[in-house]
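Both chains come to you apart, so use the hints to assemble them.
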Amino acid sequence: MIEHRDDQIERDVLAAMGRPGAGWWIALATSALFFFGGLILWGYQIFRGLGVAGINNPVGWGVYIANFVFWVGIAHSGTLISAVLFLFRARFRSSFNRAAEAMTVIALMTAGLFPLIHLGRVWVFYYLLPYPNERQLWVNFRSPLIWDVFAVTTYMIVSAVFFYVGMLPDLAVARRRLGGIRSRIFRVLSLGWRGTLRQWHHYGKLYILLAAFATPLVASVHSIVSWDFAMSIVPGWHTTIFAPYFVAGAILSGTAMVITLVAPMRRILKLEAYITPAHFESIAKILLLTSLIVSYSYIVEYALAFYGDQPPEAGQFSYRALGDYRVFFWAMILFNSVLPLSLFIKQLRLNIRYLFVLSLFVNIGMWLERFVLIVSALAHEYEPYAWGTYSPSFVEIGITLGSFGLFFSLYLLFLKTLPVLSITELKEHQP
Amino acid sequence: MKRRNFLKMMGLLSGSGLASACKPEGSKTFISYLVPPEDAVTPGESSWHPSTCMECPAHCGVLVKMRDGWPIKLEGLPGHPISDGGLCIRGQASITRLYHPERLRQPMAKNEQGQFEPVSWEQAFERIATALDEAGDAGERSRFFSGRTTGALRQLKEQCCRALGIRCEAEFELYGHRALRQSWQLLQGREAVPRYQLESCDFLLSLGTDFLDTGLSPVDYTAQITRLKDRPGSLWWHLGPEASLSSLGAQRTLRLRAGSEQMLLLFVLQQTAPHAKRSLPAELFTTLPAPALAEVAEATGLASAQLEELILRLSKAEAPLLITGGAALEGESGLLLAVLTALIQYSQGALGTSVNLSDGEDFASVAELHEMQDWMNPPGVQEKTGLVLVSQCNLLHDLPEGGEAVRSIETARLRIGMGDVPNETMLQMDLLLPLSHPLECWGETRPRAGTLSLHRPLLPPLFDSRGQGDLLLDLMRIRGKIGVPDSYELMLTDQWMAELGETGRHELLKTGFIALPVAQQSTELQLEALLPLLNQTTPNPPPSGLRLMIVPSLRTFDGRSRPLALLQEIPDPLSTVSYGACVSISPGLARSRSLSDRDLVELRWGSGSIRLAVKIQPGLDDTTLMVTRDALDRLPHRQSESGGLLLGSIPVELRPTGQSSETLAILSGSASQQGRGLIPMEGKLEHELSHSLYPPHSHEPYRWAMVIDLDRCTGCSSCVASCYVENNIPITGQQEHLNGREMSWLRIEPYYDETGNHFLPMLCQHCHNAPCETVCPVNATYHNPDGLNVQVYNRCVGTRYCSNNCPYKVRRFNWFKAQWPSPEDKRLNPDLLVRGRGIMEKCTFCLQRIRAAKEDAKARGRRVNDGEFTTACAQSCPAKAIVFGNLLDPDSEVARLSLDERAFRVFEALGTEPSVYYLRKKAPG
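These protein sequences, in sequence, are chains A and B.
So for the first sequence, this note's numbering puts the first residue at 12; every next one is plus one.
So for the second sequence, this note's numbering puts the first residue at 217; every next one is plus one.
Next comes chain B alone, as it looks inside the complex (with noise of 0.2 Å):
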């Protein structure tokens, strides 16, 4: 080409180029989406999606927060039936369960060597496909044990086992409420899980039961005793003989020593027959023993005048309601104690007022008592078992070895486990089927009778996993495509629109769930059938000797939650444990055997023992030792009649070994408030600012401050559990909980004195005259206009002089660099830094949502409304025990609540003037 031509051409091309890059004016304004699309992702923004969280079998509603195509928060969801907003410590947790480092990401199958390796999901259809043959053709049985399911999975895993020729067994359940569905089963006929109504009471009598913690639904009931406790002249007791959020939670606590529990429902059925709103027939009362007064205290080891006053108070209140549960009902006599409170409920009126049978929990497909005995017998006749699938359960590490249900499965030709992170039960099988976290996949619940709520995929499987319902479907066609629906989706959309019709279909993708019409219980008692029952009832002989009560933990109910690191980073809030096993024993026991915190001793049993460190607990009956569930490798197991799960509590010998565990993290320096009046029982909150060198802050227009009652905390930890995921706090793990380093921003501060029980929630005060702010030397601290004590990590050097002046003891030191493994850092919040090493950093008050919400409000033209936003603590709390807003604004709930009568601040003798105030618990009555 020639010179002269190459400059023409260029100068053309440019010339154009420039040309075209011309547009008129006005067109630079951008054009929305007319209907953005349903999946599309905004960079930077947060949106909020409704789910429903699978942790435990309560099934709370969750909204969900995205950002940028990542769920990296759960929230409780407003206006569900069971949750109501709130959420509970493990709720908070399981959204770490989707990014788990050790979820399975791939089907594995077991080779030669005993090692797992992946294969193909095709390659392991074939091998399901080609045992299922071989089973066949061997005339061997083939079995699918499952979790507990509900709604269209419970129909479809049915469905799937009958195209597949395999035996459905009964649902496995740890904790199974069998007991008490057996009771309902005896007295009404058809079995049942109450739902009961704490609101409709005026005197609450609970025995033994942890429906704070643990038990049917934590986060409903922690909601329900909130608005007990407001409701004026109600009352709550708790007897029993455990430590747990309910007996440290009520108005009154009975200790009772643990196997006497018998004893008293009969003493109380006898003694408040007189006083019965209905009446029993006269030869119930002649059948059941009579204890007498004397022989009642004897054997529970309460006072005679504290049982005169128990029963003058139930026959006085207009609707009390008796509650039994936890420990107490998974032991020998269970069903009896079940059978004695429904009978007492009955006769009290609440059957069909606070006792509902028709909404209660679903546990209908769990296995009944004489199942979990058909398990736990050894075999009878040896058969051959073909396949076993085994979903979402842990039957190997929770039944006792050498039951038919163990045998079976270790004999089979071919054992397959389904699940997300593998429990000790999947690493035993042959062929391992990854299942997608509920966040992942679409799925259905119906966890009681008139609700439903659904989880789908709000992100695409992280691995190459599939749902619980689309692999059951994946099942069926291994034996024929026809009549198979195309996808899990499909089916529930089908079965939607028959169900809801279409707008109810809508109503429930909109809101995540939908009431079902209940149908109407019977408010009767079928008698005759029960009497042969108690015709056999002798009284238990009063309990001797130390007990040893074997409860679910509040951090991982059965063993279920234990794979969360979080939830091992967080503390139980009883006994302030996070890392290693322990044995509560009562400051007397302690007393009497010279043992500390941390001592080892040994614990034998009928069949086994175990070594474990010591915790002291105050709150426990002197006679009774606790353990949690995940603190035992094996349960022991009875093989005496009933041959039943012994959850109980069974008779225990104690020999301290004279060694000390060095593992065991126990956070709380002190169980006391050592007279200091952290929480002060009287005296009322001057609002007078101290004098001060320094001239007063201003701050115009917003003063964000928090009230926390004390009255409604139940110490649950899902404030914690919250904080800890929303505001990107590290996992430091056992070593540096021992070495006394965890981060938690938040953390519940239990302390037992004689003046009562408490769980002080502690955190950053945001001191108006802050003494960290004072000393830090490069100004790294200090006061904002919005009258927050804030951190600026980029200046920090790291002196740590603040933390050591704070009287609060808030602070947190970055004392390594944080570690996120894949895909850990997925769920990163992007509102907040992830802190680098050798910075300090605390609670901001959720500054981050404090931020946007002035910012939408900015954009408004207005100020932040009340209420409009909170902190995530404050949002989990299932108690609504925590409220924050500006004090600055006369109408807002905290300026109301800050001037209230119960109202303190800790150390308000310091003058440190705090912006959180705390509301003493309520005088009882």
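Pulled out of the complex, with its shape left as it was, chain A reads as follows (with noise of 0.2 Å):
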């Protein structure tokens, strides 16, 4: 019987991996249209200059830092899913945790990009990492932006191995089952699977090993990532509360992507027997959870700064509320803190099309949070002269539009190339 289930699994989610069909192709040529078109634009902006981007003074930084934060962000639920719900043997864990951990390792190489597209010069990128070289230049290590480039690399890492030792079990069972030249490629790269014993117990030593170590990687991560706001003294950056609040906003934006990921590809997949309403749920409950936290995160900058008596600082507050960016902040609200309190209702929590529909505004907001964080704090400095305002080219907004084509682009290739649910688990969670 047992051995009938498993079968039935292997079967299930290899299908997954069948031949594609014109829905998928169409889709993946989409993708990696936009794609493609950012990079053009991206060689565009280095050949002329940054200048065709919108940013301007005193706005130094805009969509693409941005983008930057918030592909970072959805990259936290990967290892939130994977890392943190293994610790705790939440179950539902294994219906999502391939597509999160997926989601991860290509959310950061999307992120990974902004930080280069950024640079005035990016054919000097290089100066960033601390290289040994013989006029012993080093980088500069009080500068968030160097921790940055630490912490996501680290990240990067940790994530990747993470993701692929996951799945090294699943691989020599796609070994197995598929034949052709993809039963070779799996040959190599499930490195000698046999499932003996003392393989799934080096596995197990290794997996709550990696685990263990990447769950701290979760907040530190996007403390480090909202330290480059809040080591400024930028009003409206400055502020300790950055740390705990970027994390919860990273997990809102990371949970509201799985659900947007994870929704459709059960139905295409037809994983339907095995990712449930009911783990839906659990996912929707992380969903609101984050979303109390930043909401509340939210109050105490506003009444930190009503407090302070710091006119800049007050300043700063008033003008992101009621100033030139004021739609987007109202929508933000609206978006990460109002519509996400409907899933204190549990019939909304166990309806997967509400909760795909409301994880599209989680986005959509996640990602106004970092805009208006941004620039409005760069438009409203201290200097009144040298206030401005900021609005983003062509260009920033084909190269966002490129970043969204690589991802799907690589997420599609991901879905036909890779399980995309833990057999493993599966078979393990069987009742």
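Heads up, some of the hints might be wrong.
Stated by the list, open to error - When the alpha-carbon atoms are kept at most 20 Å apart in a straight line, the in silico SDA-like pairs for lysine to any residue are as follows:
#  : chain 1 : residue 1 : chain 2 : residue 2
1  : A       : 427       : A       : 30
2  : A       : 438       : A       : 25
3  : B       : 1137      : B       : 971
4  : B       : 726       : B       : 262
5  : B       : 1033      : A       : 438
6  : B       : 326       : B       : 350
7  : B       : 1033      : A       : 58
8  : B       : 1033      : A       : 134
9  : B       : 532       : B       : 495
10 : B       : 1033      : A       : 333
11 : B       : 1033      : A       : 404
12 : B       : 1033      : A       : 65
13 : B       : 1138      : B       : 762
14 : B       : 1033      : A       : 60
As the list claims (entries may be wrong) - For the chain B half of the interface with chain A, some residues (derived, Cβ under 10 Å), not all of them:
#  : residue
15 : 894
16 : 896
17 : 963
18 : 993
19 : 995
20 : 1025
21 : 1030
22 : 1053
23 : 1064
Keep in mind the hints are simulated off the structure, nothing from the lab.
C-beta: ideal position from N, C-alpha, C; glycine also.
Following this line, the structure appears as structure tokens:
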């Protein structure tokens, strides 16, 4: 009986890797088109100068950095769902963990491009790395941007290793079940996995070790990303609440993105049996919790600004709510704080369609949060003469769409090349 | 040749070559010239030469910095009687006229298709000769119009006209101080522009005058105002409807309704009569109307108490001085205002002490009111014109269509334009003759009686152009070479020899200027001639409705400096508008008409209308709208009795269009300090290092710092222009300004608050605890041992984090590669880099000058002395508001001023410890 079920799981999961339909091809072509469009625009920007973007004085960072923070945030839930929930033995994680981990790695790859895209001289990006050189020039270890380089690289490596290690037994299944060239590729990739007791023993040890190792990164990476802002003296950025606020925001956007990706995937790849509304409900609870934390942070920010009796700080926060970017601000409040409150209703938590729509709003809201936070703070800093406004140029919009193109292209490739659910764990958890 | 012979020969040749290359010990020393050739260029070394700035009629002295044969920077000439070391924004920018890409490069003639094509000088002269002959045969009159000239050039121009049989017309200056000159013609029988000695008064009352920005001689009067303010007990009040550097710089400003000046002056004259130091005939007072206090208060919009205080101050002051000027004198009742002012000056004993008629600006040859009338009235008899020569003025742009002068130019047989960058008038001509820049040719100027200033060629003409003097001589040669000097240089030399003698001439050549004896003036008035004029005086009806004031622009004066891109790039200090034309309206008017910045409005007056964008300008009267001359295509003209040019204020209607301009670049984000206390009104600077995680910097022996005195700063923006030229700051253009990407390292921030109006020059503060330094990931910006916050361009990767974290927002990012089209690239300062794209830059405290001074001091085996060098901004400042030096030297001016009780630093509470100290305004009186 159990063997039969195992067989069923393997077949179901690997069926998702079958010959792609026209829909997949169209989706991939569209995504790739956006991605290449973005690449061309990036080339244009390198060739002409950063002036083709809309950023200016005083708004030196715009959509590019918003995208960076957004994608790093998306990358967060992968580790959260995989590592943290693994440590907490939360069973529903097995429905999501592979998709979430893939999303993490892909989002990080996308995010990592933006610090390069926003550089004035990208051709000397290696100055940002502490490499030994004859002039003994080192990077500035006091700069949060350098911490960023380390934090994001570490997170990228750990996430990739975690993703790969967790996939090893599944790759072996794929090697066994699939034929042709794919079998040969998976033979190499599965590193000679045979499923012996000894291997399972090592696997379990390594997996829990990596999970334990990755867990603090959930907190650290986005804390450090938040310090890009908090360590500055810009009113609206310089606040101690930023680390937890950003981590909560990252998890909020990450869970929303998981829902956005998994809800259609479940349907298209016919995995309804394995990813149930109950699983979605658990994710929705995380979303609700982090939304409440984020809302709390919004309130604390405002309370501090007006309690502090600092005209630039108070000025910044009234500008945020009433100034040039007020529409974005109130949209952000609506999408991130108000709409998720509906998840207190259990029926809605169980309604996958509703969750999907809500997750789209939260995604937009979280992108807007980064935009509002970055742009409105820079637009109205200390010096009133230097106040200005910013609106993104077609290059910035194009490159942003290109990053979505890259993300979805890679995700679509993932869907058809690797097992999208953890076969091992599904087998483990079957009744 | 045999091989053996070949080898022998080679041996001999190489041996002798080696032997001859050997030199005895000791011959390695370089031998310098015993007498270096006068025009020698030492590569890599700068030399300084005196010259004269001819950008506006003030003619300030300049020092030209030459490098490798190219003039690269102008500075004020210390000791010059007019400018004494200062230079204004236009003067600083005038170097860019030399390298202007659109300068005429050779003579051009219009062909049948109306296109200009190059011709040779010979062809041009031939054409002129033929046309002269034809005009002579036809009995047509030829005319020579020119901008203002002085001294030898004026004489030569008259000679040339005589030789060619051309009528030498009065010279054209849009702002020709006509009312002022004619008032003294009436009162003293000789027309003169007075020179005011501001220092010798104790209460200065300026009425509508713009002597700090564009008036008679801005650099001179700015320096004088500084000295006046330094005098204890002195006071400066300003009255006027407009917002100008004067109205914002005065210790007290009373806002007056435009058009009510006459009423006010009558009131002042009548009220101060009992306390007059010199009495005026009693019949004068009976002839003149005596408006009552309430009437004046109503008309001027001032409170009765203010008027009473004004009269009290005037009566109490020992040496009061009233100056009227600016738009008020250009209006309909300008002459009467000038006469009333002169009467008040006389009665208060200012004539001969603080009002000097003998050494004022020389405008003697400039068209007077009646000549302007002749030009502007429609022609009486239609008379064919032969030749018309127009030199260095923009008649067709400034005079009304259909007037006599314009018609005669339009219908002339041959029209010849002379100038450098073609203006609207030149483009209408048939033949264009390129003039050399003053730095390319010989010339002298006598802007004031008693001052002779020269300019001479410092480089051969860049293009096939000729100096105005040489060109006039060439024209004279058309009618025979006999008696015509070989060159203008020889002519000037002979003249100087005759006038100054050998020593005087040498002195002139060495220093660039010389003082000439001045005839003493009479201090009496001829009142008899005046009474008939005053008899007809009836006070103007109190003005009603909105009035439009047309004022000269600080940046382009009467429009002549419009071609200089640098002056478009630097914002007007009052409105902070760089590109785009606008009309300034008061905040009160904006509120009542619900207008905001950039809204397009239509202005209508008698004969015309214009659509302009609105800029809200604090400090302006609620019934007054203000535009600069260059915002209008054509001037509104008066066809009434006097027929003069209407440059004063005119009644106007304002109609909102509901649209908004997208091309008006306003650089200021806020006109108010927003309660952030950038300029704290009280509190003493605490010199206590704030707590820091990092060890303190050590600075031995130098820590460079700057002190800026806000009491002296008039906002004239000369420092900004100087900084642009010195530091190779690129000009980005209108679109980039609209995008918020100006590149200025130094800017003038106007703040209008209840606590007062301020101009705050903002530049890199070279913070001791610099927020930019900690955040740069690659250490591209760091603190150097001299206390400077330096930017390493090569290391910068362009994250712009430093700029985000700078509370003063003084860092500038190179969004694109800067363009320096030929020949503008020649004026680049070789002492510093031209920055590439993608990197950050900012004020360096003129690091190149610091290095030069340090190296020089090192070669002399000592430290840099205080005042030995200064930054470009400080050098140019006419008010000497900027002081630069070593803070560690307790005797330095900077160290002394930084301990002044007025000293403060911007955003002291942030703990950035800036190296730029500001001195807040003094309490008046």
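ask   = Keeping to a limit of 20 Å between CA atoms, is the pair of residue 1033 of chain B and residue 134 of chain A held or broken?
value = holds, 15 Å
key: Evaluation of the interface hint that places residue 894 of chain B against chain A, nearest CB under 10 Å   = Holds, about 7 Å.
request  = Could you grab the alpha-carbon distance between residue 1138 of chain B and residue 762 of chain B and see if it respects the 20 Å cut-off?
outcome  = Since the Cα atoms of residue 1138 of chain B and residue 762 of chain B sit roughly 35 Å apart, the hinted pair is violated (cutoff 20 Å).
message = Against the 20 Å threshold, does the CA-CA distance of residue 1137 of chain B and residue 971 of chain B hold or violate the hint?
response = Answer holds: residue 1137 of chain B to residue 971 of chain B is near 11 Å, not above 20 Å.
message = Tell me if the interface restraint on residue 993 of chain B is satisfied: Cβ within less than 10 Å of some Cβ in chain A.
response = holds, 4 Å
query = Taken at face value, is the distance from the CA of residue 25 of chain A to the CA of residue 438 of chain A at most 20 Å?
reply = holds, 14 Å
query = Hey, does the residue 896 of chain B contact hint survive, CB to chain A under 10 Å?
reply = Where the cut-off is 10 Å and the nearest Cβ of chain A is about 13 Å from residue 896 of chain B, the hint is violated.
message = Does residue 60 of chain A sit within 20 Å of residue 1033 of chain B, going by the straight-line distance between their CA atoms?
response = OK: residue 1033 of chain B and residue 60 of chain A at ~7 Å, within 20 Å.
message = Next item in the hint list is residue 963 of chain B. Is there a CB on chain A closer than 10 Å to its CB?
response = Residue 963 of chain B check passes; min Cβ-Cβ to chain A is 7 Å, inside 10 Å.
task = Assess, step by step, whether the Cα of residue 1033 of chain B is no farther than 20 Å from the Cα of residue 58 of chain A, and give holds or violated.
result = Holds: residue 1033 of chain B and residue 58 of chain A sit about 10 Å apart, inside 20 Å.
inquiry  = Tell me if the interface restraint on residue 1053 of chain B is satisfied: Cβ within less than 10 Å of some Cβ in chain A.
reply    = holds, 4 Å
request  = Please work out if residue 326 of chain B and residue 350 of chain B have their alpha carbons no farther apart than 20 Å.
outcome  = The hint holds at about 19 Å.
Violated hints for the displayed structure, listed by number in ascending order: 5, 10, 13, 16, 23.
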